[in-house]
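Keeping their order, the protein sequence lines are chains A and B.
Counting with the working numbering, you get residues 1 to 356 for the letters of the first sequence.
Counting with the working numbering, you get residues 1001 to 1550 for the letters of the second sequence.
It is worth saying that the hints were derived from the structure and are not from the lab.
Being a predicted model, the structure only gives us computed values, none of them experimental.
Do not rely on the hints blindly, as some may be mistaken.
What the hints assert, rightly or not - Not the full set, but computed from the structure, chain A residues with beta-carbon under 7 Å of chain B:
| no. | residue |
| --- | --- |
| 1 | P20 |
| 2 | R22 |
| 3 | G256 |
| 4 | H266 |
Said to hold, decoys possible - Derived contacts from chain A toward chain B, CB cut-off under 10 Å, selection only:
| no. | residue |
| --- | --- |
| 5 | L18 |
| 6 | R253 |
| 7 | N270 |
| 8 | L272 |
| 9 | V275 |
Heads up, the beta-carbon is just placed ideally off N, CA and C, and yes, glycines get one too.
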Amino acid sequence: MSVLTEAPAAATPLPPALSPGRLAWRRFRRHRLGFYSLILFGLLFVLSLGAELIANDRPLLARYGGQLHVPLLHNPPETAFGGDFETPTDFHDPFIQRQFEQPGNWALFPPIRFHHSSINYFAPEPHPSGPSASNWLGTDDRGRDVAARLLYGFRLSVLFALALTAVGVLLGVLAGAIQGYYGGRVDLVGQRFIEVWGSMPELYLLIIFSALFEPGLLLLLVLLSLFGWMGLSDYVRAEFLRNRQLDYVRAARAMGLSNWQIMRRHILPNSLTPVVTFLPFRMSAAILALTALDFLGLGVPPGTPSLGELLAQGKNNLDAWWISLSTFAVLVLTLLLLTFMGDALRDALDPRKAQR
Amino acid sequence: MSAPLLQVRALSVAFAGLEVVHSIDFELAAGERLALVGESGSGKTVSALSLLRLLPEAEVGGSALLQGRDLLRLSERELRGVRGDEVACIFQEPMTALNPLYTVGNQIGEILTLKKGLSARQAEARIVELLAATGMPEPERRARAYPHQLSGGQRQRAMIAMALASEPRLLIADEPTTALDASLRTQMLELLGTLQQRLGMALLLITHDLHLVRQFADRVLVLERGHLVEQGPVAQVFEQAQHPYTRKLLGSRPKREFGPQPLPAAPPVLRARQLAVAYEVPRPGLAGWFKRGRFEAVRGVEFELPPGRTLGVVGESGSGKSTLALAALGLLRHQGELQIMGEAWGESGMGPARANTPRLRRLRRQVQVVFQDPFSSLSPRMNIEQIVGEGLLVHEPHLSVPQRRERVLQALREVGLLPEAGPQAELLRWLQRYPHEFSGGQRQRIAIARALIVQPRLLVLDEPTSALDVTVQQQVLELLLRLQREHHLSYLLITHDLDVIWALAHQVLVLQSGAVVEQGSAEQVLQLPQHPYTQSLVQACAPLCPRTGP
C-alpha cells in the first residue's frame, strides 16, 4: 500500500516559505507608486522628527572663548558670550552675531535659523514678509518663519494622526471583534449603541467642549477618538462574523481553545485586511480633521504650529501668497502620498490578486 | 458520416504565458453526448469555456469550427450571437449562476425576447412551457419565484430551462450534478438525456465523476494536466483503458478491505440516547418580532460506537448529519444523552460563550475533527508547525519548544506528509510553510495530523474526502484505515457518498430529515436495505457500487 504517491517531494529543494504577510509585502513593493510614496513619506516623517536640528534659532554647537557650548540642549545666558544680561541668549541679536565673528569663536547653525515660535525682529520688511535669504518661505503675520512652522506643523499633524489612528484602530477592532465573535444579543446591543453614538453631532460637541475645557491636543485626541472608531468596527465585525463559522475556527473550538485564544490567534489575523487597508486613508482623514479644526480655531491652542492655523492666516492675508501656497503644497503632498500608499496597500491585500 | 457539429483542432489555452491546455483535438457530432473527464486542474473546464472565449484572461490558440465557423476567430459581436443561441452553458452551482435579483421567469424571458425576438406575452407562455419541460412542479408559480426561494434541484432545473430557451445546438454542462444530492443527480441526468434526445442537440459534459460518464455519455475524452491522453467510445475506454492515467482513474474506486467484524465488548467511546438538537429560527412575518420558532435538526438518535470501529452516518444535505457531528464535538446545545467515554458533555459547554473548564478541556481532547473543505479548515495565516502544534499548547502546555516540534514532526510523518528521515534543516523548513503552499490532499493530511497530535479516542470525519480528487481520495481513505488499525481509533463518519461508507464503515446509520430511518451493520444496510429511503439512496448509485464484500 503506497500512501505516499502524491509525494511531499522532500527531495526537491524548497524555496523559502512565504507567509501571506510576506506575499502581500511583495505585491506592495511591486506597486511602484505606492512603494516610493511610502519611502518618501517615511523620509519626510523621520526628518520632521528631528525638526529641532533643522529649524532652530539656537546653534547646534558653539565655541566661544575656548569653551564648547551646546545651546540646542542648554541655552547659556548672554553673559557667557560677552553680553550684559543674565537672560537666555538671542542668537539673532546683531551684538551676539558680532561676538561669534571674532577669531576663534564659531557657531554651527541649523539650515533654518528660526524656531517655529521665534519672531524675526530683524526682517527688512513689515510682517508678513515675502521669501528672502533668511526666511526661505517668508514669514507669517507675526513674523514667524513659515518654513519652520510648516516643518513643525507637519510633524504635529502626522504624530497626531498616528495617535488618533492607533487609538481608533484599537477601539474599533476591540468593539468589532466582540460584537462579531459573540453575535446574538451582544451584537444587537452593540449595533444599536453604535447607531445612537454615531448620530451625535460631532462638531457641536467639539465646539461645546472647547468652550468648557482648556483647548489642547489631548482633549482633541480624546474627543476625536470617541467618534473615530465606529467605521472600522463595522468592517471588523463583519469579518469576525464570517470567520467565526469557518471550519478552522470550529476545529480550534473542538481543540479546547478559550474564546480569547481563538479570537487572537485564529480570527484576528484573518480579519485584519480591512484594518490594514484603511490605515493610510484613516491617517489622511485624521490629518484633514485636525487641519479643519485648526482652521476654524477649534483645534490646538494658539501659538502651536499647525497647518490649519497657517491656512487660516493665508486666508486672512491673501496678498501674502507664500503662506497659503506653501501650506497648500505641503497638505496636498502629504495627502497624496498617503492616498498612493493606500491604493497600493489595497491592491496588495486584494484576495483576488493574492493567488500568486 | 456527416460533417461533425464541432471540430476542435490543436486547441491550447494559456494564462499569463503559462500553457495549461496543450493542443487538444476532438470532434463532436450532432446529437452526440461527449464527456470530458479529468481531475481538478486537468484543464477540462478551461478548455470547454475557452471555446466560447468566456475566459477573458486566457490566450487561446488553435481552431474550433462550429458548423464551419471558427469560434476562435469570430468578432466579439458575432460571438455574442453564438453564445446562448447556438451554444448554451449550464454551470455547477445553480445558486451563483442565477441572478438573485430577478425572478426565474424574468431571466428565462430575457433570452427569449433578446435571442428569439418573442413579444413579452409570447415569452410568458414559453417560459412556463420550458419550465414544465424540465419537470419543474407548478411551473406558473415557479416562474415568478426568485432563485433563493427554490430548492437546489429546482434551481438546476431553472438553469436547464434557461439554457434550452434558445434551442441551442450544443449544450455545455460543467459538472451539472456535483452540487446535488445522489437521488436528484440521477433525476437530473435522466432529464438532460431525454431533453437532449428530444431536441437533438449535442451535449458536452464536463465532470470528474467517471461513473456518471459510464451511465450517460456516448464517447469520452480523458484529460491529464492539459493533455488529451485517451478518447473513444465509453464502453471501449471503460473495458480496455489504454493509458495508465485512465486506468488509475478507473481503479480509484474506494474498496472495502475488511470483512464483517464482531463488535468488541469494550464500553463504547461514544454513546447517544434520545439525542435531539433544535435550533431557534425566526418566524416569518410580524410573529418573528415576538416569538422564535424551533427547528428540530436531529431527534431521537440512538447509537453506540465501540473503540476501533467506524459508524457511518448517511443522509442527503439537510438531513441533519452535520448537526450530529457538531453535537458529538460538543459544539451545539443538545437534549438527551451524549456521552464520550462515559462522560456527558453537559449543558455548560455549549455555545461560543461557554466556560472553558478543565473537565471540558479533558473531554475535548478525546474528540477531534476533520472537516470536508481542506481550504477553509486550516487558518491561512498560520504555518504548519503552529497549526499542528496548537493542540499541544492547550493540552500539554508543559512541553518545551523542541519537544513540541518533535511531536509535530512525528504527527506529520504519521499521516505520510513527511518522509521518515531527512536533513533536519529541510524538515524545519517544511514546518514553516503555509497552507496555501499545499495541495488539497496534503492539506487534508495536515488536518488529520492536527487532530491526531492530542491523541484522541474519537475522530469525527465530516465528509473527509468529498472535496478531493478520486485518486487522492483513495489515498486518504487508506491513511484513515491504517490510522484506525494502529491507534485503535473510533470514527464517526459523516458522508453522502455510499462508496466512502462502504470503504470505511462497520456500522451505518441512515438519517432522513433529522430522524434515523435505518441502522445496522454496513453489509446489512447497503446490501439489503429495508427502508424505502435507503433503498432509493442505494439505488441511486447501484450501477456504480458493486457491493461485493471480500
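How the hints compare with the structure:
1. Annotation: interface hint on A/P20 holds; nearest CB of chain B at approximately 6 Å, less than 7 Å.
2. Checking A/R22 against chain B by beta carbon gives a least distance of about 9 Å; that is not within 7 Å, so the hint is violated.
3. Contact between A/G256 and chain B, as hinted, is supported at the beta carbon level, the nearest pair being about 4 Å apart and thus within 7 Å.
4. At a threshold of 7 Å, the smallest CB-CB gap from A/H266 to chain B is about 5 Å, leaving the interface hint in force.
5. Among the interface hints, the one on A/L18 holds; its C-beta lies about 7 Å from the nearest C-beta in chain B, closer than the 10 Å criterion.
6. Checking A/R253 against chain B: minimum C-beta separation of about 6 Å stays under 10 Å; hint holds.
7. With its C-beta approaching chain B no nearer than about 6 Å, A/N270 sits inside the 10 Å limit, and its interface hint holds.
8. Interface restraint check: A/L272 against chain B, minimum CB-CB distance 9 Å, threshold 10 Å, status holds.
9. A least Cβ separation of about 13 Å between A/V275 and chain B goes past the 10 Å threshold, and the interface hint is therefore violated.
Going through the hint list in order, the structure does not satisfy hints 2, 9.
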